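Visitor: Residue-level listing of the chains:
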Amino acid sequence: MSEQTSTSWQPSASDFAPKPKHQTADAITRPAMSYWQDAWRRLKENKRALFSLYLIIGLVTFTLAGPYLWTIDPSAQDLDQIGMAPGADRNVTIAPAYQPWYGPTDDQTYANDNALGLTLVGNATSQAVRLAWRGNDYDQADYGYKIYRTLFPLDAGDAFGLPLMESKNHYFEDRLDLQPTDYYYTVVALDSQGVETDQFATLKLTVKRVITVLEAQQRGLTKNGPVAEGEQIKLALHPFGTDYLGRDMLARLIYGGQVSLFIGIFAPLLYVLLGVIYGSIAGFMGGAVDQLMMRFADFAVALPFLLFMILLKVIFGIGPGESGVLPMLVAMVILLWPAPARLVRGQILQIREEGYVSASQLLGAKTNYLVFRHMIPNTMGVILVTITFQVPSAIFTEAFLSFIGMGVAPPTPSWGSMCNDGIKSMLTRPHELFFPALFISITVLAFNLLGDGLRDALDARMRNRE
Amino acid sequence: MLRYTLKRLVLGILTVWFIATATFFGMHAVPGDPLSNDKSTTAQIRANLEAKYGLDKPLLTQYAIYLKNISQGDFGISFTQENRKVNDIIKEHFPISAILGILAIVFAALGGILWGALTALYRNRWPDSVIMFLVILGISVPSFVIAAISQMFLVNINTLAGTTVLPVGGWGTVWHMIVPAMVLGLSTMAYLTRLMRSSMLEIVNTDYIRTAQSKGLPKTRIFSRHQLRNAILPVVTVLGPAIAGITTGGFVVEIVFAIPGLGRYFVEAIQQLDYTVIMGTTVFYGAFLVFMVILVDLLYGWIDPRVRINP
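Chains A and B supply the protein sequences, listed in that same order. Everything in the first sequence is counted per the numbering used here, starting at 1 for the first residue and increasing by one. Everything in the second sequence is counted per the numbering used here, starting at 1 for the first residue and increasing by one.
I should point out that these hints are in silico values taken from the structure, not numbers from a laboratory. Because the structure is a prediction, the values reported are computed rather than measured. Errors might be hidden in some of the hints.
To be verified - Each pair of labels, with its calculated beta carbon distance range:
id : chain 1 : residue 1 : chain 2 : residue 2 : range
1  : B       : 260       : A       : 237       : 25 to 35 Å
2  : B       : 125       : A       : 234       : 46 to 56 Å
3  : B       : 99        : A       : 330       : 31 to 41 Å
4  : B       : 206       : A       : 359       : 25 to 35 Å
5  : B       : 11        : A       : 277       : 18 to 28 Å
6  : A       : 37        : B       : 123       : 50 to 60 Å
7  : A       : 376       : B       : 134       : 35 to 45 Å
8  : A       : 424       : B       : 99        : 24 to 34 Å
9  : B       : 134       : A       : 144       : 52 to 62 Å
10 : B       : 121       : A       : 234       : 55 to 65 Å
Unchecked claim - A short list of chain A residues far from chain B (calculated; beta carbon distances all over 12 Å):
id : residue
11 : 161
12 : 195
13 : 241
14 : 333
15 : 343
16 : 374
To be verified - Incomplete in silico selection of chain A near chain B, CB under 7 Å:
id : residue
17 : 396
18 : 399
19 : 403
20 : 404
21 : 440
22 : 441
23 : 444
Backbone N, C-alpha and C define an ideal beta-carbon position, used for all residues, glycine too.
Isolated chain A, as found in the complex (with noise of 0.2 Å):
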């Protein structure tokens, strides 16, 4: 408006021109941002997700790169450090070849502060453990005796062990897969029935590892020069350790990881985008063909799912252990679609009664422009949603059909598989069920948390629900 307000004001011509456009009043002051933009400014502030979208992003990455970097074969086996766990030492002695023992030399001394007198001959390597003994003093008879090992420390009334022999002699040399640990050795005798007596020793021994330089050759060891007897090398580096075969594991991880991360989210993504297809078709049929594809689908998601899972894979003639990736995909699929469907059809029944609709109808809108305009925009964030809570059951499922023995087909890791494997050994090596496990619950940590935070952030019924 004029600033004038002097009583002796005369209008002129330009007073009557159009004013200048200003549209100050209704102009936006604030950067527009479309619902995408939104939702991504939303999902920063949630710290968690954020996080979790951050470690996702590093998983991918430490699987796809990973043997680039980690060029060690995941089905190469390091027969020198088998089960090895991470930062177990990896000294080794180069010693002479084995030669053949034939029981003590007659100036061989005994010790005298157990019962039987049981003794180390030489030094306890990973070649051999040789133990010799005086015999059973109480009694003349000499009925033989009984030879046990044992990883762990004896208590009163424990076990001896693995039982190893039966023998006349005084004397026993052991070669039966030693590890560089410590090791308990017990000799019982035996009464003239062959029943063991209340006469033992035990001995506890540390074993040392060691290699001869044939050895040392063959499995790549002298690359920085020739090696000579009584020198120390060091063995290949297992940054995670190794598993019961002598593999390595952080390869394992690596490509157990892909295996793991491709189901994981591949199968989701596909039985979520058939069920969008199916959900939306129905949803936008309506009538009988909604209800007849839905009572379909009702009953598809009335299948025990796992129970299914495993017979889909019997019936795509894979017995079982030796399925690999790709059965388990199409299994998923095939039993997993009807519940995004169902929720997709919700959602388009929702949609189509808005007014938004309603008002892009009476404008004169197409089919194809209220469903690529309106109705797919709309559903994508529960579809994002319902795929990031799909990965970790996923995950879940592929991990449970490894447990089961149903999964993919050795030497083809993956985490589950290696979880299965680990299990069986977890009291004397727990690293190798601890890595697999680890790596899975981060995952589905991960996806769970992002998950959150997507609902969060791209529904905005769901908000603040938890």
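Since the structure of chain A is already known, use the hints to place chain B on it.
Guide: Just chain B now, with coordinates in the frame of chain A:
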């Protein structure tokens, strides 16, 4: 209500028929047949065996016989354990799985309601954070890992105590059931805790709570009579699907704890390709789940009158 019940029952029977049909044609699509596993069978022996198991008839006739037998509750004879009826196997092993499952459900439901109510009561204070952290952990760790770890824990406890405080595996007494049932119910409990918490928080803002507050009712009474009672309703709805989860989760627990339940038997049957046992168990489990869900839905209508009006 009667109409609704009847409708649900008819649909349930149709679903079981669907499951049976899918299983039958699925198993018949498997390349090869169960008899080809036998080492040396002459044509005559093979023909006799086929006649014994009814495999010489056309597929549709077999299907008709199969449906007739199933409707009479007869699942046939095991292929690997000769002359043992699948019915007997189910009769022997299912009660064990069922007891374990019921215990797990009770444990999960009680735990879920308790922890969920606690978290809502102490919202955003430390009990809430601790419980919700444990819940996230319970959802994220695979069940077989939890089973293995708890078994390792039991071994250590028994070693420390010097006697058997709780048995590490096997079946027989009540003591055998406690830890497996807890492990089995854990993930369901975690899920129910989350559900209970959100349901409690939603109810805080309802009109009837405000009315109760304005009437001057004591806080404990509002909590127990109004908030808790109404918050339990959604928990009851998911109990049906939770039973499904617990029966299938039972496989793992039964394997780890060496419990002779039907789940473990099913896995063994799969590994030995014992066709009749696989089919019988699948149909049996399927029917069990379908009718459990119906039962829970009807129960829900009984607990919450609002559902009854508009089923």
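Visitor: All the hints need checking, so say for each whether the structure fits it.
Guide: Here's how the hints hold up against the structure:
1. Between residue 260/B and residue 237/A the Cβ separation comes to about 45 Å, which falls outside the hinted range of 25 to 35 Å.
2. For residue 125/B and residue 234/A, the Cβ-Cβ distance of about 53 Å falls inside the hinted range of 46 to 56 Å, so the restraint holds.
3. At roughly 36 Å, the beta-carbon separation of residue 99/B and residue 330/A lies within the given 31 to 41 Å, and the hint holds.
4. Separation of residue 206/B from residue 359/A is about 33 Å and conforms to the stated range, judged on CB atoms against 25 to 35 Å.
5. Distance hint check: the CB atoms of residue 11/B and residue 277/A are about 25 Å apart, consistent with the given range 18 to 28 Å.
6. Range check, residue 37/A to residue 123/B: Cβ separation about 31 Å, and the 50 to 60 Å hint is violated.
7. Hint check: residue 376/A to residue 134/B, Cβ distance near 39 Å, so the stated range 35 to 45 Å holds.
8. One distance hint, 24 to 34 Å for the beta-carbon pair residue 424/A and residue 99/B, holds here, with the actual separation near 28 Å.
9. In this structure the hint that residue 134/B and residue 144/A lie 52 to 62 Å apart at CB holds, the actual value being about 57 Å.
10. Range check, residue 121/B to residue 234/A: about 58 Å between beta-carbon atoms, so the 55 to 65 Å window is met.
11. No beta-carbon of chain B is positioned within 12 Å of the beta-carbon of residue 161/A; the least distance is around 16 Å.
12. Chain B leaves residue 195/A outside its interface by the beta-carbon criterion, the shortest separation being 27 Å against a cut-off of 12 Å.
13. The beta carbon of residue 241/A is kept farther than 12 Å from every beta carbon of chain B, the shortest such distance being approximately 18 Å.
14. Against chain B, the non-interface label of residue 333/A holds: every CB pair exceeds 12 Å, the least being about 16 Å.
15. For residue 343/A, the condition that its CB be more than 12 Å from all CB atoms of chain B holds, with the nearest at approximately 14 Å.
16. No beta-carbon of chain B comes within 12 Å of the beta-carbon of residue 374/A; the shortest separation is about 29 Å.
17. Hint on residue 396/A holds. Least Cβ distance to chain B is approximately 6 Å, under the 7 Å limit.
18. With its C-beta approaching chain B no nearer than about 5 Å, residue 399/A sits inside the 7 Å limit, and its interface hint holds.
19. Look at residue 403/A: its Cβ gets to within about 5 Å of chain B, closer than 7 Å, so that hint holds up.
20. For the restraint placing residue 404/A at the interface with chain B, the shortest Cβ-Cβ distance is roughly 5 Å, inside the 7 Å limit, so the hint holds.
21. Taking 7 Å as the C-beta cut-off, the interface hint given for residue 440/A holds, the closest approach to chain B being about 6 Å.
22. Taking 7 Å as the C-beta contact cut-off toward chain B, the hint placing residue 441/A at the interface holds, the least distance being around 5 Å.
23. Look at residue 444/A: its Cβ gets to within about 4 Å of chain B, closer than 7 Å, so that hint holds up.
Consistency note: the structure conflicts with the earlier hints numbered 1 and 6.
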